[in-house]
Structures are given as C-alpha cells and as structure tokens.
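Residue numbers (our numbering), protein chains in the order written: chain A, 235 to 731; chain B, 0 to 320.
Hints should not be assumed to be uniformly reliable.
[What the hints assert, rightly or not] Simulated crosslink set (DSS-like; lysine-lysine; CA at most 30 Å straight-line):
| no. | chain 1 | residue 1 | chain 2 | residue 2 |
| --- | --- | --- | --- | --- |
| 1 | A | Lys288 | B | Lys31 |
| 2 | B | Lys171 | B | Lys143 |
| 3 | B | Lys179 | A | Lys375 |
| 4 | B | Lys259 | B | Lys237 |
| 5 | B | Lys143 | A | Lys375 |
| 6 | B | Lys135 | A | Lys375 |
| 7 | B | Lys67 | B | Lys237 |
| 8 | A | Lys375 | B | Lys145 |
| 9 | A | Lys288 | B | Lys67 |
| 10 | A | Lys375 | B | Lys138 |
| 11 | B | Lys84 | B | Lys274 |
| 12 | A | Lys288 | B | Lys283 |
| 13 | A | Lys288 | B | Lys143 |
| 14 | A | Lys375 | B | Lys237 |
| 15 | B | Lys60 | A | Lys288 |
| 16 | A | Lys288 | B | Lys51 |
| 17 | B | Lys306 | B | Lys237 |
What the hints contain is simulated information worked out from the structure, not anything from laboratory work.
Residues per chain are reported as follows:
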Amino acid sequence: MDVWAQLASGFAVALTAQNLLWALVGVTLGTAVGVLPGVGPAVTVALLLPITTKVDASGALIMFAGIYYGAMYGGSTTSILLNTPGESATIVTAMEGNQMARRGRAGPALATSAIGSFVAGTLATIGLTFLSPLVVELGLKFGPPEYFALMIVAFTTVSSVLGDSTLRGMASLFLGLAIGLVGIDNQTGQARFAFGVPQLLDGIEVVTIAVGLFAVGETIYAASKLGQAKETLETLRGSVWMKAEDWRRSWKAWIRGTFIGFPFGTIPAGGAEIPTFLSYAVERKLSDRPEEFGKGAIEGVAGPEAANNASSTGAMVPLLTLGLPTSATAAILLSAFQQYGLQPGPLLFEANAALVWGLIASFYVGNVMLLVLNLPMVGLWVKLLEIPKPQLYAGILVFAAMGVYGMRQSPFDVFLLYAVGLGGFVMRRFGFPAAPVIVGMILGPLAEEQMRRALAISQGDPRIFVTHPISAALLALAVLVIVAPWAWRRFGPRARA
Amino acid sequence: MKSLSPRAFLRAAAIAAGLAAAGAAVAVDNVKMMIPANPGGGWDTTGRELGKAMLASGAVKNIQYDNKGGAAGAIGLAQFVAASKGDPNALMMGGMVMVGGLIQNKSAVTLAQVTPIARLTSEYEVIVVPASSPIKDMKDLMAKFKANPGSISWGGGSAGGTDHILAGLLAKEVGVEPGKVNYVPFKGGGEAVAAIIGGHVSVGVSGLSEFAQHIQSGKMRALGISSAAKIGSIASLKEQGFNVELANWRGIFGAPGITKEQQAALVKAVETATKHASWAETLKRQDWTPYWLPGDQYGAFIEEENKRIGEILAGLNLGKK
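Let the sequences and hints guide you as you build the complete structure.
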C-alpha cells in the first residue's frame with residue numbers, strides 16, 4: 235500500500251540520529267513548557283522561530299511539533315498536583331485529577347494521564363496517517379450553523395458538572411456566561427462590560443478565571459481551615475503506580491477520549507477544551523461509579539487527557555493537508571513552514587514527501603519519548619505533595635500568579651486573579667461549584683458568535699439551523715440527550731415499579 | 000506614569016549633544032522596541048526582522064524587544080506613551096490596524112502622541128470567492144451586491160479591521176450604504192479560510208498572504224486586489240473600474256517628546272537598516288512590498304489615514320463617538 239511505503243520512508247527520516255535528537259529536544263521543552271505556568275507552546279515556538287535560519291526544515295519542524303504535543307503531556311502535571319491548569323485544555327483534568335491527588339492518588343492520576351496521552355497521541359497519529367483527506371472534507375462541511383448546533387450539544391454536558399444543587403450550579407453557569415461577554419464583541423466591534431478598562435477589551439482569559447477559582451480560591455479556603463481540621467491531604471495511599479483496577483477503568487476512557495478529541499482538533503472552531511468537557515460528561519454517564527465523580531474518579535482524568543492530546547494531533551490534519559491552522563500553536567507552526575518557503579497543503583505531500591512523512595513519523599517517535607520521559611517522573615512529582623502545607627499553599631499562590639502574569643505580562647491580570655480567587659473562596663464557602671463558570675465562559679461566547687454568524691449569513695432566517703442536515707442532526711441529538719433520560723424514567727420498563 | 004530616570008536623561012542628553020557636535024549619523028546604542036502584539040504575528044515579525052537588519056547594518060549596537068499585545072495595539076501604545084516619554088532609544092511597531100483599533104476602542108492615547116519615524120511595508124487585500132462560486136468576476140459581484148446588498152456575505156477578519164474597511168469602501172464606491180454590508184467576522188485566518196472554501200460565505204476578504212496558497216491550489220478564485228496596479232495575475236480593483244485602494248501598512252514610531260535631532264537620528268538608523276541586504280532578503284521571503292515614507296511625511300500620512308478610516312468606520316456603524 236502506498237501510505238505504508240510513504241510512512242516507511244518517513245520513519246527513515248525521523249529515525250536519523252539528528253532528527254531523533256531534535257524530537258527529544260522538542261518533547262522535553264514541550265513538557266517543561268506544559269509544566270511551567272504562563273509559558274504556552276505558541277509563544278515558545280514563536281520565540282524559537284529564528285533558529286529556522288540555522289537548522290534544516292525537517293529538524294526544526296520535528297522539534298516545533300514536539301513542543302506542541304509535549305506541552306499537552308506536561309500541562310496535566312500542575313493541574314493534578316497543584317490545581318493550577320496552565321492551559322485551558324487541562325481545566326477538566328484539574329477538576330478530577332486534583333481530587334485524586336488530595337486522596338493520595340496523585341501517582342495513578344499522573345500515570346493515567348501520561349499513558350492516556352500516549353494512547354491518544356498514537357491513535358490520533360494513525361488517524362492523521364490514514365484518514366486525513368476524508369476528515370478534512372468532512373470538516374469543511376461545518377459552517378456557522380453546524381458549529382452552533384455542536385455548541386448546543388456541548389451545553390448538554392453542563393449537567394455533569396453542576397454539582398449537588400442545580401440552583402447553585404446554574405448560578406455559577408450564568409456567572410460564567412456573563413464573564414464570557416466581557417471585551418470587544420467580535421461581530422460588531424463594540425466593547426461590552428469593559429467599563430473603559432483597556433485591559434478588559436480583549437476579554438478575560440479562561441485560564442485566569444480557572445486558576446483564580448480553583449487554585450487561589452481553594453488555597454484560601456484550605457488555609458482558612460488550617461489547624462482546625464485533621465490532615466485531609468494524604469500524600470500517598472497505596473501504590474504510586476496504577477493498579478489492575480485503575481487500568482480496567484482507564485483504558486476505555488482513553489479510547490473514547492481519543493475518538494472525541496481527534497475530530498474536534500480537525501475543525502477550525504473546535505479547540506481542545508470542548509472535547510475535554512464532552513469526554514468528562516460521557517465518562518460520568520457510562521461509569522459504573524458515577525458517585526465518585528467530583529471526588530477523584532480516574533476515568534475523569536483518563537478520558538479528558540486523552541481527548542486533549544488527540545485534539546492537538548488532530549489539529550495537524552487541516553494544517554498539513556490544507557495549510558489551515560486551527561489553533562494558535564498551529565498558526566505559528568504554519569509560519570515556521572513559511573520561513574522555509576514551504577506551503578502546507580496537498581502540493582506539499584507531493585513536492586516534499588520526505589519532509590511531511592518524516593514529520594508524521596516523528597509523532598509516533600515523539601509520543602514514545604514522552605511516555606518514557608513522563609512515567610519515571612511520576613514518582614518524583616508525587617514527592618512534591620510532601621512539602622508541608624503552609625509552604626505548599628504559598629508555592630501554589632506564587633505559581634498561580636507567575637502563570638497568569640506570564641500569559642500577557644499584565645500586572646492587571648494578577649490583580650484580577652486574586653479578585654477572582656477571593657470570589658472563588660466565597661463560592662467555595664457557600665457551596666457554589668466552580669466548574670460551571672468555566673464551561674459557561676468557554677461555550678457561551680463560541681455559541682453566541684456562531685449563532686450570530688449563521689443568522690448574518692441567512693439574513694436573519696432562523697430556519698438555517700434546521701435546513702442544514704448536519705446542524706439539524708446535531709440539534710436532534712441535543713434534544714435527545716435532554717429528553718431521553720426523562721422519557722426513560724417516565725415511560726421506560728421500570729417506570730411503573 | 001514613570002518619569003525620566005536620571006540615567007536615561009543623561010544618556011539622552013549625551014546623544015543629543017553628540018549629534019549636535021558631530022552632525023553626522025551616530026549609531027544608536029541600545030534600542031528598546033515595543034511590539035504591541037503577541038509573538039508570532041505580523042507586527043512581531045516585522046519588528047524583529049527590522050531589528051535584525053538594524054543590527055546587521057550596524058545602525059544600532061543592541062536591541063531589546065518587549066511584546067505587549069492586546070486591543071489592536073492600544074495596550075502596548077498606552078504603555079509606550081507612558082513609559083518612554085523623551086527616550087531617544089525607544090521604538091514601537093505599529094500599522095494601519097492600530098489606526099482603526101484606536102478609533103473603535105475610543106482610546107485615550109493616539110498615534111498623534113508618538114513621533115513618526117518611518118512607514119516600512121505594505122500588504123494588499125484580495126477579494127476571493129470559493130472555486131465553485133457562480134460569481135464570475137468583480138463586476139458580477141458588485142452588480143449582485145448592488146441589487147441586493149444583504150445577499151452577499153463577506154467573510155473576513157474582526158469587525159472594523161482592514162478586511163471590513165475594504166468591504167465598506169467598495170460599498171461606498173458603488174453607492175451602497177456601507178452599513179448594509181453583510182459582514183461576517185471570523186477570528187484568525189484559519190476559520191475564515193475554512194468558511195470560504197467550504198462555501199459558507201459568498202466572498203472572502205483578507206491580506207494576500209493569507210489567501211495566496213489557496214488561490215494557487217485552485218480552491219479560491221481571486222477577483223481583485225486593493226493595490227494601485229495588478230499583483231501577479233490578480234487585476235487591481237482600480238483596473239477593473241472601482242476606484243478603491245487600500246494598503247495594510249506597517250511602520251515604526253519613536254517615543255513622544257523627542258527632539259527633531261533625535262527623530263532624525265532614528266529615521267537615519269531605520270533607513271540604514273532598510274538599505275541593508277538582510278532587509279531586502281526579508282521582504283523577498285515574507286512577500287512584503289516596500290512602502291517607505293520617512294519622518295514627518297509619514298506623520299502627515301497617518302493623519303490622513305486617521306480621517307479616512309474614521310469616516311468609513313462611522314459609515315459601518317462602528318467607532319461612533
């Protein structure tokens with residue numbers, strides 16, 4: 235088969251000593267970037283772009299790609315250990331993973347996220363190798379009405395993070411929707427809820443709110459209880475490694491996460507956050523222990539971590555086949571190609587087959603490297619939790635501030651972080667869940683934007699959402715997700731019992 | 000607001016004195032360049048490439064970059080105005096997008112407060128349709144647009160940006176009220192490109208570099224370009240009978256309140272850099288058109304742009320006072 239021959243030639247490129255070294259440098263840097271707060275893969279690649287004048291194209295691109303997916307591995311570490319998600323795609327990981335860490339299960343949480351990332355990265359690379367042209371064609375069928383319908387489907391997952399009190403959960407969700415409105419409205423160019431503060435014109439970063447609510451809010455709350463209650467934070471219970479039980483619960487979540495994440499990566503308005511929410515909701519629905527969710531269920535780490543990794547590899551599909559960047563990092567990778575006078579797209583596969591297939595082959599190699607790199611680190615990372623609490627909390631606060639400052643070098647964001655942190659403390663004190671705020675903040679603006687775009691295109695005719703078949707099918711699915719459980723209880727076989 | 004530190008003042012004084020005494024071009028020592036955008040974008044690339052050429056040509060000895068993105072450059076500009084007042088070694092990147100952004104954001108700081116050094120490059124806007132579109136050419140498009148403005152959806156970058164402004168200028172040219180333009184803004188290049196080649200909008204507007212490869216591969220058809228004369232095989236809007244010209248220019252500024260001599264020294268340093276081989280190579284690699292205009296002429300140009308863009312934004316129902 236042709237693809238096999240191409241892939242074999244790709245491995246010949248990727249396995250040269252020099253390119254192996256570049257891959258190693260890339261994934262190591264990527265892991266570091268993922269762990270360090272405030273330094274994202276996009277900025278790192280942008281700052282390294284000048285090396286393109288010294289290094290050959292395949293070496294540099296292999297390294298840049300390594301930084302990109304390496305960051306997805308590293309990003310989960312701080313989320314699990316310190317509850318400070320460095321990228322918005324690891325916010326869900328923080329929710330469940332940190333709960334695991336608090337119960338002495340940081341080891342298995344880190345392990346399932348590393349192995350899940352490996353499984354997802356590898357499966358997604360297989361998808362990239364064999365399905366690219368097909369997936370791209372499908373992706374282009376998605377226009378604003380289809381995206382809007384997709385966001386509605388994503389909204390149905392909210393129920394899985396609402397918590398015990400629906401009223402409190404919805405209050406949090408609407409707070410998130412409101413925060414999502416801040417900034418210049420992309421459709422009209424008018425500022426909303428910015429109150430004349432220029433720093434608010436570009437909106438509020440999701441990560442700032444997430445770190446504020448999760449890390450700062452929780453830390454203040456925990457500190458306020460310090461000395462009152464007995465030690466609740468166990469450093470280690472049982473083995474550092476995953477037990478048979480953990481494997482059994484993880485593997486299906488990895489596979490499902492991959493299948494949710496990969497297609498999202500390939501569409502231009504997908505992003506890596508939404509598939510993590512979807513995966514979380516799916517795992518919660520399918521788990522035989524739904525009661526553990528919110529208290530450290532391993533599926534809730536395994537699925538979303540696989541999803542975000544699969545989506546970052548999925549982003550390579552439109553980038554390589556069409557030259558279409560679907561994320562900030564992919565956009566910088568595109569400019570790296572352009573530094574060499576290369577233009578990603580179908581022509582590149584013919585003109586520079588060795589380069590493209592070498593790059594694809596390097597994904598397989600890089601994922602193995604990341605697994606080897608990250609698994610032994612688990613034991614080391616877990617030690618971090620043995621730091622006495624006052625110091626650990628202080629460390630978390632410093633880390634959170636550094637990360638948020640690093641994103642835009644804006645002192646304003648640091649003040650905002652602590653203001654949000656105080657808000658998070660109050661919410662925690664009165665039992666309002668933080669996760670719906672984040673879901674609302676991410677989904678709200680996307681849904682609004684796509685809906686208004688769709689209505690602009692149809693000149694105000696709302697039928698555009700049901701006359702487009704994909705959009706209609708997705709909306710039907712959303713209705714089904716909401717109505718089916720109720721109908722099942724009402725009319726199902728056990729309704730009369 | 001930070002006042003001038005004694006050291007910076009001495010340095011400034013020394014340079015001014017040196018200039019007055021020698022009257023010749025003196026290399027600027029330690030340039031600090033504010034890039035009011037995040038790493039990786041157009042201003043960042045232009046700024047860093049210019050910096051490279053300044054070093055290579057010996058016009059400056061050392062250069063430091065400070066990225067401060069946000070609000071179409073307004074945040075970086077505000078910091079530049081506040082922190083660099085009178086600093087003869089401070090530079091800031093900027094461009095046409097900033098002019099529109101500042102008007103829309105009703106920014107308190109404006110480009111009139113900084114010192115114009117030089118306009119550097121320009122890029123032109125291209126109008127495309129998906130390969131399968133029934134729209135044949137520019138005349139066909141404008142005829143359909145005139146007959147029913149709402150039926151043509153224009154996909155491009157954010158509202159009030161260069162792409163939107165071009166659509167507004169075209170509307171004005173054919174006698175359609177600019178507010179009637181059915182403009183569909185997208186964030187970032189990827190999303191817009193996908194919507195255009197997927198056939199979700201009728202027309203696409205963006206910088207040539209964003210669309211060039213898709214025009215080459217045949218997924219998009221170019222109808223016209225916003226330059227004075229044709230570029231490659233794409234006929235200009237003017238050549239097709241629509242009197243619209245729009246350049247997405249980029250340029251460089253000095254700090255507020257520097258003297259004429261200090262301004263002249265910076266113009267000289269930038270000019271030296273743009274004459275160096277490394278800059279020529281950059282222009283070629285990035286496909287940028289040189290668009291040189293130094294000092295106060297550049298200042299006058301910005302004033303004119305400010306007026307023209309302000310008018311069209313008001314027509315598009317954006318940036319009202």
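Taking the hints in turn, this is what the structure says about them:
1. A:Lys288 x B:Lys31: Holds: A:Lys288 and B:Lys31 sit about 25 Å apart, inside 30 Å.
2. B:Lys171 x B:Lys143: 15 Å, holds
3. B:Lys179 x A:Lys375: Holds, because 27 Å separates the two Cα atoms, which is no more than 30 Å.
4. B:Lys259 x B:Lys237: Violated, because 38 Å separates the two Cα atoms, which is more than 30 Å.
5. B:Lys143 x A:Lys375: Holds - the C-alpha atoms of A:Lys375 and B:Lys143 are around 25 Å apart, at most 30 Å.
6. B:Lys135 x A:Lys375: Distance of about 23 Å is within 30 Å: holds.
7. B:Lys67 x B:Lys237: 37 Å, violated
8. A:Lys375 x B:Lys145: Distance of about 29 Å is within 30 Å: holds.
9. A:Lys288 x B:Lys67: 28 Å, holds
10. A:Lys375 x B:Lys138: Holds, at roughly 29 Å.
11. B:Lys84 x B:Lys274: 28 Å, holds
12. A:Lys288 x B:Lys283: 18 Å, holds
13. A:Lys288 x B:Lys143: Given that 30 Å is the threshold and the Cα spacing comes to 51 Å, the pair is violated.
14. A:Lys375 x B:Lys237: Distance of about 35 Å is beyond 30 Å: violated.
15. B:Lys60 x A:Lys288: 22 Å, holds
16. A:Lys288 x B:Lys51: Given that 30 Å is the threshold and the Cα spacing comes to 15 Å, the pair holds.
17. B:Lys306 x B:Lys237: 21 Å, holds
Hint violations for this structure: numbers 4, 7, 13 and 14, all remaining hints satisfied.
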